[in-house]
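First to last, the sequence lines map onto chains A and B. Under UniProt numbering, the first residue of the first sequence carries the number 1, and numbering increases by one thereafter. Under UniProt numbering, the first residue of the second sequence carries the number 1, and numbering increases by one thereafter.
Just so you know, these hints were derived from the structure itself, not from any lab. Be aware that one or more of the hints could be misleading.
[Stated by the list, open to error] Examples of chain B residues lying across from chain A (beta carbon under 10 Å, computed):
(1) D13
(2) G22
(3) R29
(4) G165
(5) G189
(6) S211
(7) L215
(8) I219
[Unchecked claim] To list a few chain B residues with every Cβ distance to chain A over 10 Å, as calculated:
(9) L18
(10) G221
(11) L270
[Unchecked claim] Listed next, with one range per pair, are the computed distances between beta-carbon atoms:
(12) B:L133 - A:E229: 24 to 34 Å
(13) A:G250 - B:G204: 53 to 63 Å
(14) A:G442 - B:E207: 14 to 24 Å
Backbone N, C-alpha and C fix where the C-beta goes; we use that ideal spot for every residue, glycine too.
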Amino acid sequence: MTSARAAPRDWTQRRTAKRERLEAVRSFTSGRVLDAGRMRDALQALLRPGDRVALEGDNQKQADFLAEALADCDPGVVHDLHLLISSISLREHLDVFERGVARRLDFAYAGPQSVRMAQLLADGKVEVGAIHTYVELYARMFVDLTPDVALLCAEQADHEGNLYTGPGTEDTPTIAEAAAFRSGVVLVQVNELVERVPRVDIPGDWVDLIVESPRPYVLEPLFTRDPREIGQVSILMAMLALRGVYERHGVTTLNHGIGFDTAAIELILPTYGEELGLRGKICKHWTLNPHPTLIPAIESGWVESVHCFGGEPGTERYVAARPDVFFTGGDGSLRSNRVLCQLAGQYAVDMFIGSSLQIDADANSSTVTEGRLTGFGGAPNMGHDPHGRRHTSPAWLSLLTGEAPALRGRKLVVQITQTFRSGGTPAFVESLDAVQVAKDSGMPIPPIMIYGDDVSHVVTEEGVAYLYKAAGLADRREALAAIAGATLVGRRLDERRVEALRRDGLVALPEDLKVDVCRAKRSLLAARSVEDLVAWSGGLYDPPAQFRTW
Amino acid sequence: MTSPPPPRNEDTDWTVMLTRTGFIELDARARATALLDDGTARELCGPFDRIESPWLEPQGVVPQSDDGVIVVKGRLGGRPAVVIAIEQAFQGGGVGEVSGVKIAAALSLAARDSRDGTPTAAVLLLETGGVRLQEANLGLATVAEVCSALLELRALQPVIGVIAGTLGCFGGMSIAAGLCTTLIITAEGRLGLDGPQVIESEAGIAEFDASDHTLIWSIDGGAQRTRTGLADVLVLDDVTAIRSAVIEAMERGVPGEHRSQRIGELRARLEAVDPAAPPAPADLAAVWAHAVPQEGDQP
Chain A
1 MTSARAAPRD WTQRRTAKRE RLEAVRSFTS GRVLDAGRMR DALQALLRPG DRVALEGDNQ
61 KQADFLAEAL ADCDPGVVHD LHLLISSISL REHLDVFERG VARRLDFAYA GPQSVRMAQL
121 LADGKVEVGA IHTYVELYAR MFVDLTPDVA LLCAEQADHE GNLYTGPGTE DTPTIAEAAA
181 FRSGVVLVQV NELVERVPRV DIPGDWVDLI VESPRPYVLE PLFTRDPREI GQVSILMAML
241 ALRGVYERHG VTTLNHGIGF DTAAIELILP TYGEELGLRG KICKHWTLNP HPTLIPAIES
301 GWVESVHCFG GEPGTERYVA ARPDVFFTGG DGSLRSNRVL CQLAGQYAVD MFIGSSLQID
361 ADANSSTVTE GRLTGFGGAP NMGHDPHGRR HTSPAWLSLL TGEAPALRGR KLVVQITQTF
421 RSGGTPAFVE SLDAVQVAKD SGMPIPPIMI YGDDVSHVVT EEGVAYLYKA AGLADRREAL
481 AAIAGATLVG RRLDERRVEA LRRDGLVALP EDLKVDVCRA KRSLLAARSV EDLVAWSGGL
541 YDPPAQFRTW
Chain B
1 MTSPPPPRNE DTDWTVMLTR TGFIELDARA RATALLDDGT ARELCGPFDR IESPWLEPQG
61 VVPQSDDGVI VVKGRLGGRP AVVIAIEQAF QGGGVGEVSG VKIAAALSLA ARDSRDGTPT
121 AAVLLLETGG VRLQEANLGL ATVAEVCSAL LELRALQPVI GVIAGTLGCF GGMSIAAGLC
181 TTLIITAEGR LGLDGPQVIE SEAGIAEFDA SDHTLIWSID GGAQRTRTGL ADVLVLDDVT
241 AIRSAVIEAM ERGVPGEHRS QRIGELRARL EAVDPAAPPA PADLAAVWAH AVPQEGDQP
């Protein structure tokens, strides 16, 4: 028998590499603090070709100062980086690839840069590892994509490296943990260096380097919707959803996507919902960013708790004044956490409702359209039925499925959309653009946002389709077609079949739900303008400048 | 059924905000009707008269059967009045040949009625970007007619301008606004000769960033225009509040001298501003108060 024992191995190579990197930037630092004026040179000293670098870019906050410095690096010194970015939002995120500083990319969402992303991919400037959902990308940071260097952002740091993220904690602790505990370097841009942080969101011994950014990091008010832009059709759909889904299934725990359709639902709770006597019966516990349009429902006593993925600019004072509802720290401000909120959204809420750009005849949906590589973001995490759930609730059990004894409930996964989008583009299509995009860019599978078999309900201005009740694929297609209006998908269905589907409960039209279409007016909105939202908050909501019209 | 409880705040202003009926919510026809005494409104040259602009269709624009101007006669606080409302949703409230003539004719007829023993005041609801580009010189000519008719009427009866928002009042019609006996504006309303986008496209983003809401409202906004005396009454966006303000303005009648006649005062204001180093918007009211110590006290 030969000995399997190989030559003695160095088990601390990553730790050694980290020590060497920090040694290399010593001349740029005083303690943990890097000189902001020499950021580019510091990064060139810190990084090595081929490094895996997590650059914090969430859907709201961006480590933009560090992104700029990275994009500015000399490709002769720093090249072939492998970037992990959850949301590609800034020009600099892609400049890095155009300039040859980075080559490989794993990401989750590229909304604002989706056109350029598709172009860079076609030009061979970027190699995409995979397009993920948010939590999936973070999960991989703990498995096969651990970062060598994490470039993050926070509101404040003290000289011990303790970080205060304020309301927008989002992804920062998760990425920091992945790097810090496997000998990665954690470098954080902060808006302000302070003597003492108001609360510790990330402990200082996870943080190696801090730089005081010359300006606050970029923060997008992504979840603010101006009620003035909510039209009658959205209000009608909100009424249908409230009666046909929320009330019928007794949904108490939920998540709302971003958009005017779900904002309309939030705004008719204190009016239409109140009239239906639903307060206290539905919509009590939320996993949701602090949507300004939820303020009237909170103020009217509908909402018991809200856990947030991230913050929302302008809601800071309001949230701080409602600690019974929101998760807040000792300093009074919101504590958000994207990964935990995603987890809560998967296992602890009974319903997800969101809009989509395209839905095919089988109810598969996607936001990827021709010439754009948007990615997924977090919607697939929310918009699926998690098979790891075991606790029951009336709403979950109301979608009972499976064969005895393997019976189980189902999460309500609801898609809400007008049959035609602005400009007359049909929302219901024969084939998703995603299928063609996958072919064109050589993806192994089409980038589908929410799989049709996960979708339990679809709401349009025509009515509600109860897809979970369909016995087979043919039934499901017909139920969907029945509410697809004048789109090609909708026109395929015979009127008599619609009658049969209504009788069988697969489809409900407004009259079946006792929804008076004539009442779908803007006067049903508890707030009809941003000024109204401010009034509902008692002056605590400070809308960002672009939403102020006074 | 219970109605939603009022917000938990001691500041009563917010309760007023929430119980108001938004004027901005209404379209031009509903605004005109909402201002007049209940049951007195009667539309003149309404959509069924089909008086359309002949210039839009050849340029690929679908015309509207009222050409975007609604003229409604009725009573305001019991007295005869005509309300002329520009619909901001049609061509950005742009004034063309037909819509301009509708405004001018309504003002002239009110003047004639006033001379003939039925004193008729006018209310202009100004949500307009000015002259409709598709009708160019014809639009410009009608703005002149509007101003001339306004001057004719204001000597006899008050002409009250209301800029509620959200579009605001710009271009040629801002001149008409300047001629009004009383100008009522909300905080959402805006008043200016050149609109933000026009300034940006003509003079560049360094001169004026049309996406900067704070900048726009600090200059054109209702609060600033009232502070600096270019508008008279700042009201809440509320049907009742705006109607009361209009009736009060009517009851004040025709002043001895209109704002646009106080040339000395206006000149003193212009002279107080150095275009090379303009004052910050927040300081303008003080600069002008200093330049013109007492209102109307001019040679």
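Now the hints, each set against the structure:
Annotation: interface hint on D13 (chain B) holds; nearest CB of chain A at approximately 8 Å, less than 10 Å. Residue-level restraint check for G22 (chain B) holds (minimum Cβ-Cβ distance to chain A is 6 Å; threshold 10 Å). Restraint check, R29 (chain B) versus chain A: the minimum CB separation of about 16 Å is more than 10 Å; hint violated. A distance limit of 10 Å between C-beta atoms decides the matter here; for G165 (chain B) the minimum to chain A is near 7 Å, and the interface restraint holds.
With 10 Å as the threshold, the beta carbon of G189 (chain B) comes within range of chain A, its nearest partner Cβ sitting at about 9 Å, so the hint holds. Annotation: S211 (chain B) was flagged as interfacial toward chain A, and the flag holds, the nearest CB pair being 7 Å apart, inside 10 Å. Restraint check, L215 (chain B) versus chain A: the minimum CB separation of about 9 Å is within 10 Å; hint holds. Annotation: I219 (chain B) was flagged as interfacial toward chain A, and the flag is violated, the nearest CB pair being 13 Å apart, outside 10 Å.
Consistency note on L18 (chain B): stated as away from chain A, yet its beta-carbon is not over 10 Å from all of that chain's, at 5 Å minimum. A Cβ of chain A approaches the Cβ of G221 (chain B) within 10 Å, the least distance being about 6 Å, so the stated non-interface status is violated. In this structure L270 (chain B) is separated from chain A by more than 10 Å, as the shortest Cβ-Cβ distance comes to about 27 Å. The hint said 24 to 34 Å for the Cβ distance between L133 (chain B) and E229 (chain A), and at roughly 25 Å that hint holds.
The supplied range of 53 to 63 Å is met by G250 (chain A) and G204 (chain B), whose beta-carbon atoms lie about 58 Å from each other. At roughly 48 Å, the beta carbons of G442 (chain A) and E207 (chain B) sit outside the given window of 14 to 24 Å.
When held up to the earlier numbered hints, the structure conflicts with 3, 8, 9, 10, 14 and fits the remainder.
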